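Student: Dock chain A against the given chain Y, drawing on the hints supplied.
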Amino acid sequence: GAGVSQSPRYKVAKRGQDVALRCDPISGHVSLFWYQQALGQGPEFLTYFQNEAQLDKSGLPSDRFFAERPEGSVSTLKIQRTQQEDSAVYLCASSPPWGDEQYFGPGTRLTVL
Amino acid sequence: GENVEQHPSTLSVQEGDSAVIKCTYSDSASNYFPWYKQELGKRPQLIIDIRSNVGEKKDQRIAVTLNKTAKHFSLHITETQPEDSAVYFCAAGDYKLSFGAGTTVTVRA
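Chains as they are written, first to last, in the working numbering: chain Y, 6 to 118; chain A, 1043 to 1151.
If you are wondering where the hints come from, they were derived from the structure by calculation, not from laboratory data. Among the hints, a few may not be true.
As the list claims (entries may be wrong) - Covered stretches of chain Y, as calculated for chain A (at least 3 residues, CB under 8 angstroms):
# : stretch
1 : 48-57
2 : 103-116
Stated by the list, open to error - Some chain A residues near chain Y, calculated using beta-carbon distances under 10 angstroms:
# : residue
3 : Q1048
4 : L1088
5 : F1131
6 : C1132
Keep in mind the model is a prediction, meaning the values are calculated, not measured. Idealized CB from N, CA, C, for every residue including glycine.
Pulled out of the complex, with its shape left as it was, chain Y reads as follows (with noise of 0.2 angstroms):
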């Protein structure tokens, strides 16, 4: 079946302007998490949701990030008055209800000028 799919996959950005990231998750995935993947690094963990609710949100740099997920399916990331550090691999991953592993997206780059 269909994988997760991420959009844009690369979005270039003047610092100020505010982004929107797009995740579809697969098909009847609960869990849906968001990662930030910097220039030769892991992922890192942005926040997490259970369906349409966003039971973690611990990893998120600062109030200029925010995730929604209003119907429990499609999610998207916010990143308001970007900044130049913003610039990363934005990666979206969804898990089973039945386990643990988490099936990541293509991921979307995001470049700050």
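Tutor: Below, chain A without anything else, positioned relative to chain Y:
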């Protein structure tokens, strides 16, 4: 929070030889330990995982071992092939994963 350390950062092996990557973790509450393979510009791909109630797991040429007492786990790849060349990440946690910094594996033909 959880802290995962991964070694080595780079590994070059001759085709057909074995590759071993080691990770340590800090949080004794972690109970799930996956390994991901990431090719350049691609998504992390889950290749094998192990849970805290198991000491070893094998899937064809790949095996993982876990020592909960020492808080370390390892990935073993046997009979390496050029297509095994990639960056490998270990991770530890429960619902929330903490990742190591990655190991760049190069298999020389």
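Student: Hints numbered earlier in the text: which of these fail when held up against the supplied structure?
Tutor: none
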